[in-house]
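So the chains spell out like this:
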Amino acid sequence: MTTEFNVLPHSIRSKEALQKITSLDRKNNYTIDQKVFYPYQFVSYHIKVKTFLVKEGYLGCTIDMISGRESVIDSKPTFFKKTLCKKERIQPVLTREKAEKQAIQYFQRQTAKRLKFLALPRYSLTDSHLFYRPYWIISSKNHRFIVDGLSGRFHPLT
Amino acid sequence: MDSDGIVFIIYLLVLMTVGLLFTRRASQSPDHYLLGNRGVGACATAMTMQSSSMSGYMFMGGPALAFQHGWYALWYAIGDAGGAIVNLSVLGKRMRRMSEKLSALSPIEYLEKRFESPMVRVIASIISIIFILAYVFAQFIAAGKALTQLTGFSYEMALIIGVGVIVIYTVAGGYLAVVYTDFIQGIIMVIGVLGISILAFNHISFSDLNAQLASIDSTYLSIWGKDLAYYGQWGVVIGAILIYLVGYMGLPHVVTRHMSMKSTKTVKGAIMWAATWNQLFIFIPYVLGLIGIVLLPNLSDPEMVIPELTYQFFPGFLAALLLSAIMAAIMSTSDSLLMQAGTILSRDVYQRFINPNASEKKAVLVSRLCILIGGLVGIAIAIYEPPAVAALVIFSFGVLGNSFLVPYVASVYSKKANHVGAICAMIGGATTNILWTTLEFEGATGVHPFLAGLIVSFIGMVIGSQFGKKPSDKMKEAIDDSKGKKALPSKMEKRIAHDLSPESNNISEFLANQSLTTLKS
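In the order they appear, the protein sequences are chains A and B. Letter by letter, the first sequence follows residues 3 to 160 in our numbering. Letter by letter, the second sequence follows residues 582 to 1102 in our numbering.
Simulated from the structure, these hints should not be mistaken for lab results. Mixed in with the good hints, there may be bad ones.
[As the list claims (entries may be wrong)] DSS-like cross-link-like pairs, simulated, lysine-lysine; straight-line CA separation at most 25 Å:
id: 1; chain 1: B; residue 1: K1057; chain 2: A; residue 2: K143
id: 2; chain 1: B; residue 1: K1051; chain 2: B; residue 2: K997
id: 3; chain 1: B; residue 1: K1072; chain 2: B; residue 2: K694
id: 4; chain 1: B; residue 1: K1055; chain 2: B; residue 2: K682
id: 5; chain 1: B; residue 1: K997; chain 2: A; residue 2: K143
id: 6; chain 1: B; residue 1: K996; chain 2: A; residue 2: K29
id: 7; chain 1: B; residue 1: K682; chain 2: B; residue 2: K1057
id: 8; chain 1: A; residue 1: K50; chain 2: A; residue 2: K100
id: 9; chain 1: B; residue 1: K943; chain 2: A; residue 2: K143
id: 10; chain 1: A; residue 1: K50; chain 2: A; residue 2: K103
id: 11; chain 1: B; residue 1: K694; chain 2: B; residue 2: K1050
id: 12; chain 1: B; residue 1: K942; chain 2: A; residue 2: K143
id: 13; chain 1: A; residue 1: K17; chain 2: A; residue 2: K143
id: 14; chain 1: B; residue 1: K846; chain 2: A; residue 2: K143
id: 15; chain 1: A; residue 1: K29; chain 2: B; residue 2: K1057
id: 16; chain 1: A; residue 1: K143; chain 2: B; residue 2: K1064
id: 17; chain 1: A; residue 1: K143; chain 2: B; residue 2: K1055
id: 18; chain 1: A; residue 1: K52; chain 2: A; residue 2: K103
id: 19; chain 1: B; residue 1: K1075; chain 2: A; residue 2: K143
id: 20; chain 1: B; residue 1: K1055; chain 2: A; residue 2: K29
id: 21; chain 1: B; residue 1: K1064; chain 2: A; residue 2: K29
id: 22; chain 1: B; residue 1: K682; chain 2: A; residue 2: K143
id: 23; chain 1: B; residue 1: K1072; chain 2: A; residue 2: K22
Assemble the whole structure, with the sequences as input and the hints as a guide.
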């Protein structure tokens, strides 16, 4: 089954990903196996705090839709629509609602730590999108890696 | 029947029910019946491994040794306490990978496939059948003795009841029944010894124990045994430690636990569970043997030190708990041994040499029949001539360990080890242990039979592997693969983006599921 999804455009092509791994380990013969699309939710909130002076602004983060890990993001990523089949994309485990709730909790933790507000901030959701990030799967006889299709950073597969 | 007898009968019924619950799953295929479809988790692996390893010896032989020799007996406990950690760490992951790669369902079949010789299987089958059965008969004798003493049944009746239950649930439920009844029994064994030890130390404190032992005979406190029987004999002491520290790696019914684990990741958790269980369980029976020297000075049968202590000093519910704990130790070992004997007879003898084209259904039926026959012969022999449990257990354990420890370890660590080496190691180790024990060389040489057998087995493997056909390239490659992932180059290691670890885990799982789906379709 194929459907259109928001996807981050990859800046690292398969050859570059392969080159990156091969340059670090010349003893093993690596090949590209496939590309896997990993789900994240981009969530952005408008935050407003009433203290002596009213403070407000926008906060955005991404939520890993499988393990629920949050990461701060500076600006809204640019997506493009792409048809993805079931074999190349991982199905999200978290729901959109859960991800948005988790993002608020994350912002609360961050703001409590850094800004030390006396009043409780008010959050209003401004943006929430499911998107997929591409990872290259590269393997040799002895090892297997994921290579991030945007940054080229890599991690061995367990 | 007393209340303790009723509690015990309920306990037996629970075990039988658990066993029978697995009947359907066990009948699916030989893989399900013999290895639980390689899906046993960390905690269950650890508990079944440990409760199968700790037999009736721990409630009878071990305390008897401490009763007769004093603190010297603790050498055995020290080795035993680390046995599971050594066993799982050395063999666990590699053997799990290798056995799956070779599609081996029994530890003897594994040896044939790894050493690429049917002769290895023939010799291994003969040695293991003889000594596994001797080992299981010792357990039956222990079961009969314990039940007779504790329930008042006749020895024959006690044997038939105790062994009958084991045979029924093993025949019906196969390996999974053994694993999960072992799990329950492992918990009962720990609760039993902890309960008894708490009450025992209410009667005599630790410092009083040593003072009173010294007043009876100061050599009870010596590391060399009563009357300094083993004075200066480091060969005996090292053998006493080694037999249970490394010996489990040579026991087919224990090694099977590596093959049935869910995955190599199970090993780490299993080590934690097994190590914790060991520290709670192993030392106490020996210490209770020491307490018996003080509290039971006129005891005629040293093997009954724990039952006597319980019945004289803490009757009632604890007596029932003790009975269940002793029987748990005996039954958890007996079922694994019977299961192993049945597996070897059906898989390594019947399916391999008599009827290679047997259907899966027939293979499971033959396994069940072999276990049933093994159980019935065991009852008959145990009734006919009951020797001392401790002596028979140490002897069978030693011979099995000396025969198979070196071949199993070499099978995953050495690319040079071949079939000639394996045959020399098995025959050399077994013969040395048998001769050393029967001709009583230990006294003359100051070397424990297990240590002597281990040295000869090792030399046999090294020298024997110089002759005959070398392992094939395919096998060398399999040994390399069984080591798991090779270390990454250091410059690569330094650049790993560790924050991608959750993604990496989840993608791994996704890919694994994907390949599983592809395989199924």
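**Prompt:** If you draw a straight line from the CA of B/K1072 to the CA of A/K22, is it 25 Å or shorter?
**Reply:** Roughly 12 Å between the alpha carbons, so the hint for B/K1072 and A/K22 holds.
**Item:** Distance restraint between B/K1057 and A/K143, which requires alpha-carbon spacing of 25 Å or less
**Value:** OK: B/K1057 and A/K143 at ~15 Å, within 25 Å.
**Given hint B/K1057 paired with B/K682 - CA-CA distance at most 25 Å** = 12 Å, holds
**Pair hint outcome, B/K682 versus A/K143 [Cα-Cα no greater than 25 Å]** = Holds, because 15 Å separates the two Cα atoms, which is no more than 25 Å.
**Prompt:** Taking only the CA atoms, is the gap from B/K1051 to B/K997 under or equal to 25 Å?
**Reply:** Holds, at about 7 Å.
**Request:** Mind checking the alpha carbons of B/K1064 and A/K29 for me, to see if they're no more than 25 Å apart?
**Result:** 18 Å, holds
**Request:** Assess, step by step, whether the Cα of B/K942 is no farther than 25 Å from the Cα of A/K143, and give holds or violated.
**Result:** 38 Å, violated
**Asked** When you check the alpha-carbon spacing of B/K694 and B/K1050, does it fall within 25 Å?
**Response** 14 Å, holds
**Asked** Is the hinted pair B/K943 and A/K143 satisfied, with a Cα-Cα distance of at most 25 Å?
**Response** Violated, because 39 Å separates the two Cα atoms, which is more than 25 Å.
**Prompt:** Given the proposed pairing of B/K1055 with B/K682, does the C-alpha separation stay at or below 25 Å?
**Reply:** Measuring from Cα to Cα gives roughly 11 Å; hence the hint holds.
**Request:** Given the hint that A/K143 pairs with B/K1064, test it: the Cα-Cα distance must not exceed 25 Å.
**Result:** 13 Å, holds
**Asked** Do the alpha carbons of A/K52 and A/K103 lie within 25 Å of each other, as the hint requires?
**Response** It holds: about 22 Å lies between the C-alpha atoms, which stays within 25 Å.
Hint compliance for this structure: hints 3, 9, 12 are broken, all remaining hints hold.
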